[in-house]
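Enquirer: Below are the chains, spelled out letter by letter.
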Amino acid sequence: MKNLLFTVALFLWSGLVLQAQPIAVGSKAPAFSLKNIDGSTVSLADYAGEKGLFVIFSCNPCPYVKAYEDRMIGLHQEYAPLGYPVVLINPNDPGQQPDDSFEKMKQRAAEKNYPFPYLQDIEQTVYPAYGATRTPEVFLLKNDGDGNFTVAYTGTIDDNYQDEAAVEEKFAANAVQALMAGKQPDPATTRAIGCGIKVKK
Amino acid sequence: MNPIHRFMLFFSLLLFPISLFAEKGSGEENVKVVDFAGLEPYLKKSNDTIYVVNFWATWCAPCIKEIPYFEQLGAAYQKDKVKVLMVSLDMANQLQSRLIPFMEKEKMRNEVILLDDPRSNRWIPLVDENWSGVIPATLVYGKGFREFYQKEFTFEELDEIISSLLSN
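Note that the protein sequences, when read in sequence, are chains L and C. Residue numbering for the first sequence follows this note's numbering, starting at 1 and increasing by one per position. Residue numbering for the second sequence follows this note's numbering, starting at 1001 and increasing by one per position.
There may be inaccurate statements among the hints.
[To be verified] With a cut-off of at most 25 Å between alpha-carbon atoms, the simulated PhoX-like pairs for lysine-lysine come out as follows:
1) C/Lys-1065 to L/Lys-200
2) C/Lys-1065 to L/Lys-66
3) L/Lys-183 to L/Lys-170
4) C/Lys-1151 to L/Lys-200
5) C/Lys-1065 to L/Lys-201
[Stated by the list, open to error] Facing chain C, a subset of chain L residues (Cβ under 7 Å, in silico):
6) Pro-63
7) Thr-133
8) Arg-134
9) Asp-159
10) Asn-160
11) Tyr-161
12) Gln-162
13) Thr-190
14) Arg-191
15) Ile-193
16) Gly-194
17) Gly-196
Source of the hints: derived by calculation from the structure; they are not laboratory data. The structure displayed is predicted, hence computed values, not measured ones. No residue lacks a Cβ here, since even glycine has one placed at the ideal position from N, Cα and C.
Work out the full structure: start from the sequences and follow the hints.
Expert: This is the structure in structure tokens:
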């Protein structure tokens, strides 16, 4: 009996701790409209003329972001001319992580000469809609026309954050190549260690 | 050399390796660096011990916050068949410069292993199918129980799980 009660208690408890998962591949991409570091507002609808885009949840201080920052810039430089630009969204609450303040975002973008928008999800409504849990986390969206985007790939940029030279699978680049070839990305979802998103308390 | 000197020399030679060993008592030699193949056996031991395996890193603020609770847990159940293992995801090239100084500062007594395996897309699902890759994350297993938690713990929450498992 005690065993049973214990099992039931644990089951109930684990049920309460629902795990956030990225939005399923094939879902309609949630719209966003957020403030960019240059003061303008950038929306998903602004990308209606593109074939798709990479939405990457990112931030300033995370060591995994730093390890991947140059590769994010590389993705944009390679695929923006082909119709798939990159947009960065910072989902962290600056109250929890002062290094992610709007000012610090501007500084970081200037230091690294970001070629893409760097948006702040200050209300923390966009990252939960995408089911993002960490930085960096990539969502490749495909433009289906009429203002509709679908999620084509979720996960990480490649299979080696430490050493770009040792990368065997460029997941994000392969995913966009698949879209350009009219195919479904495979794998369509990957996972990586990242920094948990700092939620407002 | 008189017999007393000879004895002292002999004695100091005898003590030399012991003192060397004692010097290293505080952590350094205890950090094993492994790839996932090296870590895997720690995630599936089948004996009568309860294993608490925490994935953390020195750069992860919520992980650092719960480190004292895992220390408290390790101390509270020192005499029981409970083993707390702290798997660090720090960069291997920062073992000496960052991880070990951190462990010394925090006076960590739990065993620390450094998982140096960048191909996380391969091994994350092998730890737990539902793990998104976020840390902190904690695996508790043993005595027929296995649960993976992607959350921050308090000492009370950890204590409740372990005490229930021990009394079960």
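Enquirer: Decide, hint by hint, whether the structure agrees.
Expert: Going through the hints against the structure:
Distance hint between C/Lys-1065 and L/Lys-200 is fulfilled; the C-alpha atoms sit about 17 Å from each other, no more than 25 Å. Taking the CA atoms of C/Lys-1065 and L/Lys-66, the gap is about 23 Å. The hint holds against a cut of 25 Å. Of the supplied pair hints, the one linking L/Lys-183 and L/Lys-170 holds, its CA atoms being roughly 16 Å apart against a limit of 25 Å. A threshold of 25 Å between alpha carbons decides the hint, and for C/Lys-1151 with L/Lys-200 the separation of about 16 Å falls inside it, so the pair holds.
Between the alpha carbons of C/Lys-1065 and L/Lys-201 the distance comes to roughly 16 Å, so the proposed pair stays at or under 25 Å and holds. Because the smallest distance between the Cβ of L/Pro-63 and any Cβ of chain C comes to about 5 Å, under 7 Å, the interface hint for this residue holds. Restraint check, L/Thr-133 versus chain C: the minimum CB separation of about 5 Å is within 7 Å; hint holds. For L/Arg-134, the suggested interface contact is upheld, since its CB lies about 5 Å from the closest CB of chain C, less than 7 Å.
Interface hint at L/Asp-159: satisfied, since its Cβ lies 5 Å from the closest Cβ of chain C, which is below the 7 Å cut-off. A hinted interface residue such as L/Asn-160 counts as satisfied when its beta carbon comes closer than 7 Å to some beta carbon of chain C; here the least separation is about 4 Å, so the hint holds. Look at L/Tyr-161: its Cβ gets to within about 6 Å of chain C, closer than 7 Å, so that hint holds up. Hint status for L/Gln-162: holds, given a least beta-carbon distance of 4 Å to chain C, under 7 Å.
The beta carbon of L/Thr-190 is positioned within 7 Å of a beta carbon in chain C (closest approach about 4 Å), and the interface hint is therefore held. Interface restraint check: L/Arg-191 against chain C, minimum CB-CB distance 4 Å, threshold 7 Å, status holds. Given the 7 Å rule on beta carbons, the hint for L/Ile-193 holds: about 5 Å separates it from the nearest Cβ of chain C. Annotation: interface hint on L/Gly-194 holds; nearest CB of chain C at approximately 6 Å, less than 7 Å.
Residue-level restraint check for L/Gly-196 holds (minimum Cβ-Cβ distance to chain C is 5 Å; threshold 7 Å).
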